[in-house]
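Engineer: Mind docking chains A, Z and B on chain V? Use the hints.
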Amino acid sequence: MSGTPFAPHTPAETRAMLDEVGAESEADLFDIPDGVGFDGVFDIAPRTEREIRHEVAEMLSRNDDLVEFMGRGHYDHYVPSPVDHLADRSEFLTSYTQYQPEITQGFLQVLFEYQSMLVELTGLGVANCSMYDSATALAEAARLADRVRSASGSTVLVPDSLRDGKRAVLDNYVTGSDLTVAEYPTSEGTADVDALADLADAETVLVYAENPTVRGCIEERLTDIGALADENEALFCLGTDLLALSLLQEPASVGADVVVGSAGALGMPTSYGMGLGIFATREDYLRQVPGRLVGASEDGRGNRAYTLTLQTREQHIRKERATSNICTNQAWVALRTAMHVAHLGPDGMVDLAEDCVRYARDLAHRIDEVGGLQAPVDDRHHFREFVVSTDQPAPAVAGDLAEEGYAVHVVGEHEIQLCVTETNVGAVDGLVAALAEVGP
Amino acid sequence: MSGTPFAPHTPAETRAMLDEVGAESEADLFDIPDGVGFDGVFDIAPRTEREIRHEVAEMLSRNDDLVEFMGRGHYDHYVPSPVDHLADRSEFLTSYTQYQPEITQGFLQVLFEYQSMLVELTGLGVANCSMYDSATALAEAARLADRVRSASGSTVLVPDSLRDGKRAVLDNYVTGSDLTVAEYPTSEGTADVDALADLADAETVLVYAENPTVRGCIEERLTDIGALADENEALFCLGTDLLALSLLQEPASVGADVVVGSAGALGMPTSYGMGLGIFATREDYLRQVPGRLVGASEDGRGNRAYTLTLQTREQHIRKERATSNICTNQAWVALRTAMHVAHLGPDGMVDLAEDCVRYARDLAHRIDEVGGLQAPVDDRHHFREFVVSTDQPAPAVAGDLAEEGYAVHVVGEHEIQLCVTETNVGAVDGLVAALAEVGP
Amino acid sequence: RYEPLLSEKDTTRVEIGGAGDGGDESGDDDSPLPDELTRDSLELPALSEPELARHYTRLSQMNYGVESGPYPLGSCTMKYNPSFTEDVAADPNGAVHPDRDDATVEGSLELQYRLQDYLGRIGGMDAVTLQPPAGAAGELTGILIAKAYHEAHGNDRSEVIIPASAHGTNFASAAMAGYDVVELPSGDDGRVDLDALDAAVGEDTAALMLTNPNTVGLFERDIETIAEMVHDAGGLLYYDGANLNALLGRARPGDMGFDIMHYNVHKTFATPHGGGGPGAGPVGVVAELADYLPRPHVRESDAGYELYDPESSIGKLHGFHGNWLVLVKAYAYIARLGDAGLRDASAKAVLNANYLGSQLDYDIPYGPFHHEFAASTGEQDAADVAKRMLDYGVHPPTTKWPEMVPEAMLTEPTEVESRETLDDLARAFNAAAGEDDATLADAPHATTARRIDQVSAARTPRLSWRALDDE
Amino acid sequence: RYEPLLSEKDTTRVEIGGAGDGGDESGDDDSPLPDELTRDSLELPALSEPELARHYTRLSQMNYGVESGPYPLGSCTMKYNPSFTEDVAADPNGAVHPDRDDATVEGSLELQYRLQDYLGRIGGMDAVTLQPPAGAAGELTGILIAKAYHEAHGNDRSEVIIPASAHGTNFASAAMAGYDVVELPSGDDGRVDLDALDAAVGEDTAALMLTNPNTVGLFERDIETIAEMVHDAGGLLYYDGANLNALLGRARPGDMGFDIMHYNVHKTFATPHGGGGPGAGPVGVVAELADYLPRPHVRESDAGYELYDPESSIGKLHGFHGNWLVLVKAYAYIARLGDAGLRDASAKAVLNANYLGSQLDYDIPYGPFHHEFAASTGEQDAADVAKRMLDYGVHPPTTKWPEMVPEAMLTEPTEVESRETLDDLARAFNAAAGEDDATLADAPHATTARRIDQVSAARTPRLSWRALDDE
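Protein chains in written order, with our numbering: chain V, 1 to 440; chain A, 1 to 440; chain Z, 1 to 471; chain B, 1 to 471.
If you're looking for bench data, these hints aren't it; they were derived computationally from the structure.
All C-beta atoms in this analysis are idealised placements derived from N, C-alpha and C, irrespective of residue type, glycine included.
Check each hint, because a few of them may be wrong.
Some chain B residues near chain V, calculated using beta-carbon distances under 10 angstroms [said to hold, decoys possible]:
{"hint": "1", "residue": "Arg39"}
{"hint": "2", "residue": "Pro45"}
{"hint": "3", "residue": "Leu47"}
{"hint": "4", "residue": "Leu52"}
{"hint": "5", "residue": "Thr57"}
{"hint": "6", "residue": "His97"}
{"hint": "7", "residue": "Ala103"}
{"hint": "8", "residue": "Ser173"}
{"hint": "9", "residue": "Pro213"}
{"hint": "10", "residue": "Arg252"}
{"hint": "11", "residue": "His273"}
{"hint": "12", "residue": "Ile452"}
Looking at chain V on its own, in the form it has when it is part of the complex (with noise of 0.2 angstroms):
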C-alpha cells in the first residue's frame, strides 16, 4: 500500500488525470513556496483495519473494568439497540448539514421533531438542535441574557456548588462580554433562596438553578427561584436533564426563561463526557437564539417540508454579529437522543424517571443502616443521586472501593457521593457489602 486506501485512484487513471489537468506529477499541483514545504516524516506507520481495532481494543482494555456508580451530570442509560443500529444509517451519520433541504428532509424532520421533544418536555416555545453539552449550552444562556438585558446589568448568579467544568466554560464564554459570574450560597444540596433572595438585585441578569442539583437534590423551591429572577428582571435558567425533565416540574411552570443541560443521559452511552446541550427558551428570544433552528415550510407543490431557518442570526452570514460561533454541532447526538426518548415513549420515560428516584431512595436508605455511614446527607428527596457522608477519608474509601471494583465520587473530605440507575441497580448489593467493608 503506497497511499490511501480511500481513493479509487489507479495508477493509470491518476497519469490520464494529470494529462488532462496538464501536469507533470502530483507535486507539480501544490503552489507551496519551497520555504514552507515540508518533505520529512510523521513517522506514523500505516495499519491494517485488523490491526487497529486489535490496538485500539488492546489500548482500553488497560482501563479498569469498574463498576461506575458516578453521575454528577453525566448519567449512564441503557440505549436501545434499534437507536444504534438506526442512527448507524450512513445516510444519516456521513451527511452534512442541511444546506440543500430538498434532499436532507429525513434528517431535518429528525431535527424538527427532536425540538419538538424538547418544547413538551419544557413547555418552552423553542428549543434548537444541540449545543455541545450542558457547560457550553449555560455559556450560551448567559450571552444570550447579556443580549436580551445588557440594558439592566450584568451578573450572572450561579450557585456555589457549580460543577467546575460548568464554571470554567461559563467564564471563558463571558470572557468577552461585560458580564461577570458570582456565586449564591446552597444549602442541603439545594439553593438557598433567602440568600439568593439578599444577592439578586436590579444588577442581575440571569439566575441559574438546577434541577436536579449536582448533589442528586431535587430542588423544592424553583417557583420562588424563578419569581426572585422575575422580579429582578432576570431571566431565570434551569438546568437539567432530559429524563428529569419527563417527571419533575415543568421549567415553564415555574417561570424559567431559559432551559439548559444533557440530553446525552438518554440517547448515548458514556462516551467519556461526550454528549448534547439541551438549550430551550421562550419564543420572545427567538432571535436571539444560538445555534441552528430547523421550521415547517411547504415545498413547491404545496407539502409540507422542514429546512434550517431563521440563519441570519448564525455566524456564516451575521459574523462577528452572530449569536454564536457555533457551527458543527450535536446533531447526529440529537437524533440518538430523540429515537431514544421515542422508544421509550412517555410511559418508559415517567416509568424510568420514578425508578431513578426510587433507586437512590432505596440504595440510601441502604447505606444508611451500616454504622459509620450517613445517607442521604441533603434532606431532599433525590433523584438518582445523593451524598454519603463515612467517618474514614472519602479519597481513601473511593480507592477502596476501586479496589472491590467500584468507581464512586468523592465530593468532600467525608463525602462520596454515588448515582443509580437501570444499568447499575443489579450492582447495589456488592456496592453495599464493599462500602460496609471499608466506608465504616
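Structural biologist: Here is chains A, Z and B on its own, set in the frame of chain V:
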C-alpha cells in the same frame, strides 16, 4: 409488560379491532378444540434487551479464550468492516426471497453479482445463489449426478479422508436414491490417482476430489482425476473454497463438471461452522441445478432488470419432482461473501491466497526445526494448513496447547493439524514456543 | 434509477505466477507455488471502498425489507426482526471454530442447550436438535428420523401422506428421503378430509406431514382423530412448523399428537430472512424418537454441557452445527418475549389477520382462520393484483397458492402491524379490486423497475455478467 | 413521498403522581415523589419499536449522505467515513465516566496522548489539546490562548485581523473572545493583500487568523512574509485548519510560522459529519503557548499517562473532555493511512479538484488552486444552479461563498471520488450552464421535496409540532 414489545396494539386499539371483527376476546379468535388447547406455562421469563445482552455475553464468556489454529473446511479470514455495516442494512437483512422482483432489484443484483463472481472463479457457466454449506453442496452434487447419469450407474467416489461431516450429510442426501458412496484411497494428503483409476468404472457417476484437501494439501493431479471421470462418463466434482479458487488451478481447466465447497471463509466470522455452500456447474446441467438462480431480463420499459428464474426446478412449483427440497438458503451470507470478494478485489484475493501458502509453508518450516516434531507430514504444497507429527500422543499435545491458549486439530494418534491465516499469523511465535514445550 | 453491475464499473485482470518455483522460501513477493498448480489469471471487479459502499447502499435502497413497510407474505411470517438480537449474535466470544473440543466451548453449548429446552417447551416436544439449517432441512431431518425409526422396528413403509395444500418442501423432502408421496385432497371445509385420509393411510404409511393451522389458516379441528388414525396404522405424525406463530401458548404440536416437528425460527422467532436465508429448522421429537436425532447433540454433563452422539442417530444434516448466528438470535427473541409475550404475539397475529380480512373487498372462502387467510381475487389475476399493490408502497401477499383457493392471495400480516398499517394494506388491496385488466396487467407503474419479463429470463437464461458480455 | 411526524402517528398523555406522598418506601408503583415536585402530565409520541424502525428507516432514505453519492461541498471536506472507525469507537471499554480517576482509565489516556502526538506531527505543533468539541470551539480556544498569552505578557491588544474570505466562525469566535475584528480585503490575486495587512497590523493586533490554502483553494505564497509582519508587530498567527486536507505531508502550519491552529477532524480525518455534528476541533500550539492549553491535559507519567492542569491554563471549553467518540475515529483514520496515506490523500484531493475544475464550463477566477476551487456561474444564480444539480442525483457545492467570487460555487470533491464520478459531477454542472432562468428558478424537479419556501419558514417560524397544532 404483559405482552410482546413488538406489537403496537394499545388495549383500546385491541378492543376496537376485536369489535370490528365481532369477537369478544382474543381467545375467541382461536378455533382450537378443548382437547388440544394449551393453558399451561412455558416457564420462560421475559427479560429486557439489556438483560439478555448481558446474559448471553456472560454465557459466551465461558468459552475458553483460545487462539485457534484450526481449519479443515472452516476458515477464519478477517472480514472488512464495511461488510458488516452494509450487509446489516435492514433493506437487505430483513427482506424475503425476491418473489416481487420489481421492489427487490437491489438484492437480486447482489445475488447476480455473486453468481457472476463464482463463474469467474470456477470457469463454469452457472452458479446458484447458495447452498447451506459445503457438505450439503456436495450432497446436492451427488444428487445432480444421479439425475444426469442415472442411466450409467450409481457409484459416487469420495476420498477416504473425507470429513465425517460431509460424508454423513452425503449419506443422508442419497438415502432416497439408488446411489452408493464408496471411498478411494489418498496418499501424502492427496488422491491416490492410480488407486482411483482402479476403482472408477462404468458404474461411477461422480468422482469427488478436493483442492486443497482436508489436510491442506494442494492436489497435483486434478487433470488426471478429471480425465478419469470423463473416461468413465462420470461427473468430476471438485470441492474447494473461494479463496483457494482465486489462486489454484481453475476448475474448468481441469475438467470439473461441478464445483462445491465453502464460500463462508470469506464474508463470515467463524460462527461455530455457519457458512455458505458454493454450487457451480456446467451450463449443460442448468435445468438440474438445485436452489435459486437469478437471471437478467428486462422490465416493461426495456431496462435491464433481474429476477429469480427457472423456478420450475424448485420445490414450490415442482414439489416431489423438484431438483432439491431447498427453499430458505444462505442468501444473506452470499451477499456478505460477494461484498468481501469485492472489497478484496482480484489483487487482494490473490495476495491473500499467496500469503496463505507462505504462512503455512513458513510455519511448517519452523515447526519442523523443533526436535520431535515433523512438519509438514505430507510431501505437498499446502494452502493455509498442514499436518504435524509429534512423538507425543496428539490428544495430549492438543490438551497441553489448550492450556497454553491455543486450539488445534487432532487428526491422528500422533498427528495434529494447524491452520494459519492473516488472523492468527501474529500468534505463531507463541504457538511455536508452546509446541516446542509440549510437542516433542 | 439504475446501478451498474460491479463489472461494469471497473475490473482488473491479475496475472498469476511466473517467477515462483515452489521451492522459494525467502518470503518475497514471488509466487509461492509452481505455475502448474495455479490458474493463469483472475479477473474480478476492482473498486475502492467508497465506491463499494455507494454501490451496496444504492442497491439496498432498491430493496424492500420489513423496515420498509408491511410484508404480509402468507406462510412466511415476516415479523419485525429486533435489532438487539443482531448485537447479541455478534458477540465475538461466540465466534469459535466448529471443531473446538466441546470442553472449551461451554458457553456455546449452554446457549444451545437452553434453546433446545425452550423450543421443547414451546412445541411440547421432549428433545430438540438445532442442526438443520433451514425449514426444508428440518423436514428432511424429521422424515429421516421417521425412516430410521421404522427401519429399527422392522417396518418397511414406503409412503408419506401430504395434504395437497402443503408447502412444496414437504413433498420434496419426503421424496429426497426416498418416499412415495400420497397427496391428500382437501375437504370441502378446507381441512383434511377424514375419509380421504382413511383411504390413504395404511401399513405403507411412514408418516403424515401436516401444517396446523393449515396453509389457509384453518385449525385442523379433527387433529386428535387424525393422530389416532395415523398412529393406529403405525405411522408417525410430522408437524410442519411454518405456521406455529398462530398457536404460541394456545396449543402445542406435542399435545396434538405430533411425534416430530420442525420450527422455522426465521418465521416464528423473528430471525431475519436475509433475502432468502439463512434460517434454521430445529427439529423436535417425542421421547421415543430422541435416540434418532442428528449427531452431535448437546446435553448436560457433570461439568456443564457436552456433545454426544445419540445412540441411533440418523447422522448429520449439516457439515458442522447448523446456523449458529440464527440460533442465537432466536434464543434472544424468545427470552425477550417470555411466556406472556409469546402468547400475546400469537393473539395479535391472529387478531391482525382477522381484522385485515374484515376490511377487504375480496372473498375469503375458508374460515375461521387464524394468523393468515387466503382471499380470492375471483375474476382478476391474483399475480396482477399483487403487482398493482406495489404501486401503493406495500408488499403484496403470496399469490396463487394454495391452489384450493382460486386466484389466492395468502395474507399473513403478523402481530407487528398497527391498525393504521393494516388499513393502508386494505386500501391497497381494495384499490386494485375495481381496476380493469389492462391496468392490472401493466402494473406496477410507480416502482423503480416496471413489470419484469419472466418468460425471456427463463427462455434465455443470462445468469452472470459473463453471459451478458457474451451477447 | 411523505412520512408523518411521530406526533401525527400516535401520542399518549401520561398523568403523573397522585398517590405518592414521597415518604413511601415500599417500592410499589405509586409515585415516589410528592405531587408538588412533579409535573402534572407528559405527552409524547408512543409508538412500537417496529413502527419507529420504519419511521427512521424511511426518513433516512429521504436523506443524502456521503454513501449516497458525491458531496463536493467546498470547505467541508466530505470524505468517505470508513466504517471500521465506528467499530473501533464502539469499544465498550472506552465508555467510561468522564470523572473517573485518571489512574483507572490509562487506556483512554493513552489513546488521547497518541492522538495529541499524531496531530502535533501532522501540523508541526508542539502541544495539542483534544478538548474543543468542534472547529469553532477550537477557534475560540485558540483565540483565548492568544489572549491569555498577551495578558500574561502585559500586552493589552484589542484586535484580531481576519481576511474577508474567511469562515464566518473566525469572526464570531474572535468577537466572543472580546476582540474587535479587523476585516482584511483580498488582493487581486485572491490572496492576502500585503499592503492591506501592513495597514491593519500593529500594536493592537492580538492575532491574524488565516486559512491556508484559503477558501478559494489558493496557497498564501507570502505566508513567510505575513508571519514575519504579524510576529514583528507582537501578534500571533492562528491557522484555521478547515483546509488542511490540501497539505498533508506537503506543508505544515507550524513550519509556516503559525503559533496556534485547530484541526477539523470531521473534515481532514474523515470522522462523519452526522448531519451537522459532532465534530472535534483539537488545537495545537507552539511550545511557548503550551502552558495556556485547556485543563486537564494528558501527559506521560511514570506509571503511564496522567491528567494535569497546564500552569497558565485558559480553563475549559467543554464540561468534560470533548467529543471522545469522534477523537477515537480520528485516531483510527490516521493510523490507517500513515505517512504515505496521508500524503496521498492530499495529492488525490488536489488532483481531483484540478481535474474537476478542468471539466467545467464555468469560469474559475482564481488559481492555481489546491483541494477546492470557486467557479463562478456568472449571470446565473449560483443557488439556482445548485438546485438544478440536485436533479442529476448529486449534491451541489457550497454556493455564493466566498463573496470575492461572484455567484461562487465553492467545490471540493475530496480524494475519494473516482474520475467517473467527477465526470458525472461535471455533467451535472454543465447541464445547468445552458439552461434558462425559469428552469433554474423552479429546480429541483426530480427530488422528493421540491424547492422549499425559505421566506415563509423564517417569516412564520414553526419550530415544533406544537406550533403546527396551534395553527
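Engineer: Where does the structure disagree with the numbered hints, that is, which hint numbers, in rising order?
Structural biologist: none
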